[in-house]
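Protein chains in written order, with the numbering used here: chain A, 1118 to 1465; chain B, 1118 to 1465.
Hints are supplied without guarantee of correctness; some may be wrong.
Put simply, identical chains are the same to the list, so a pair is met inside one copy or across any two.
[As the list claims (entries may be wrong)] The list that follows gives simulated cross-link-like pairs (lysine-lysine, DSSO-like), each with its CA atoms no further than 27 Å apart: (1) LYS1124 with LYS1363; (2) LYS1265 with LYS1363; (3) LYS1263 with LYS1216; (4) LYS1124 with LYS1288.
Treat the hints as calculated values from the structure; they're not laboratory data.
Remember, predicted model here, so these are calculated numbers, not experimental data.
Number of protein chains: 2
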Amino acid sequence: MTLLQEKPLNIPQGRIDMTHGSGGRASARLIEQVFASVFDNPALAESNDQARLTLPEPGMRLAFSSDSFVIFPLFFPGGDIGSLAVHGTVNDVAMAGAKPLWLSAGFIIEEGFPLSDLDRIARSMAAAAHNCGVSIVTGDTKVVEKGKADGLYINTAGIGAFRAELDLSAKRVQAGDAILLSGPIGDHGIAILAHREKMSFAEPLLSDSAPLNGLVEHMLASGVDIHALRDPTRGGLATTLNEIAKTAEVGMRLEESAIPIRESVRGACELLGLDPLYIANEGRLIAFCPQAQADKLLQAMRAHDKGSEAAIIGSVVPDARHWIEMRTPLGGSRIVDWLNGEPLPRIC
Amino acid sequence: MTLLQEKPLNIPQGRIDMTHGSGGRASARLIEQVFASVFDNPALAESNDQARLTLPEPGMRLAFSSDSFVIFPLFFPGGDIGSLAVHGTVNDVAMAGAKPLWLSAGFIIEEGFPLSDLDRIARSMAAAAHNCGVSIVTGDTKVVEKGKADGLYINTAGIGAFRAELDLSAKRVQAGDAILLSGPIGDHGIAILAHREKMSFAEPLLSDSAPLNGLVEHMLASGVDIHALRDPTRGGLATTLNEIAKTAEVGMRLEESAIPIRESVRGACELLGLDPLYIANEGRLIAFCPQAQADKLLQAMRAHDKGSEAAIIGSVVPDARHWIEMRTPLGGSRIVDWLNGEPLPRIC
């Protein structure tokens, strides 16, 4: 008989209490029965305080990213905090052109949180990780008193590997580049908002939360000299383009009519007084490549299911002010500023 | 004129509001003025959503670890949440015998949190990282509404590198190994508790929060065949030894009189009815090596300032029950179980 009795947790009815964050027997049980059992992989099974990992090939470079997820509510149309926490970090790693390999998962749980929800979220993370081809190899669980969190927050950090000759970075974006977008914008933010506000639409609105590493791999295989990739999450397409313009010290010119937006998202935005350019996406990417190769890259993107609605939305121009200007369908033009204020808190 | 005005934040009087978590202009300002300015390093300066990194030598393996820090209060005798978040992850990485290289930092901040405290914590993290020889290369900031967190939670994930021939892992611990401890136990947990309870002692109690990577490097240089290293944080020495016994499928025998404990910690524990074996440490490690090399390893540890009070505290024995037994000074013996319950919540 060992001292750590394998007493099963009551997952259907049980709740998290402070002992689950103690680092003692209750913590060990929670980790074994809720997390380790579904995240199962050799690095995790070694039961050390760190995962020990080997790169697929010596000499590869690493891409390393981290995101905390505080989305409310935890379950939403098209996903949940678990799958989102996997996709979000996988995508940030993939935007370096890297193959995402390993994730860490850190849970901050509010006392009283239902074990059944935690179990459902852990299974969703495991399924998402499997789907992305990554392993959750290390992690941590903390519990805070009732009223000191909002159910559950998750941090994921991710490591990917890429060949040293690859150089995808915002600073490589230059005048003459085309700007490509992989699909319609605003789905994630508007789906969350509509769900919170109990709005309903003829066409149901789903988050676009999805892994983009497969699409990126496919785009790299096209042989196009991609300068940079970025996923326009918080702050939306507008803010992401402004960030890149600032880093690359360029301006951009967009064609409003070329930017794909679903009718339901456009309608919801009009109703709510929101601009879809500022709404978060969780399964879209922006790509920059020389104008001359843009059609080739577009074809590659459209041939992949995560890029089937891709479009060329504008171009990079010299501009010391680093402005993003957008030509409207009526022939006018407006400046697309950084997001000001906070239209949709806790969207990711 | 660019659209991102470099308007300085009012750090002495300002407070975090929801816009700082929007991913827009206010987020960019916060990141630039509070975090990027003090974490300054080339990977971070590239302003991508991920850090792109090169291992010191091709063919090295990676150690990857993550921890969330929810300690209360944020500032305590001997440290703060910022330095603790760096030391905690650096130490978990170092316990693989790896050289810690890079950290991510994820901040979950409660609306209304003073910018001056955030600035102080960011500077403390930067100083701790510098002291450990690691760079904070990527990160994320989220803001949640007033009452949905307790000031600030920080997640750090860390990557270290080690030569492929090195194999420090709990499963290598075996009967015949000596158990070494790098210094007195209980300082961190008791310092936090005393501070919370406004207890005072003749000798002031400080957390032992400290980086252990220098000590580990020194121990590895001794040439001793170290089987495993582990830092006894949450759950204390007792729980950490039980975890290793379970993984390695062994038992352990401890000498109570050999375990270093400060008089002030012993006194506080007696007063509070706590057992120092279960109190968290943040700057101590346990090492396992063949008995025959234990004195050599002990000398190496004592020659380093982070191991000057090191001691041999017991040995590993065959035991199918995986029990930790401790011989008391009076000649009796008791079983040292896993931590049950939660004596000290939110200690890290």
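Problem set entry | Hints violated by the structure (listed by number, smallest first) | 2, 3
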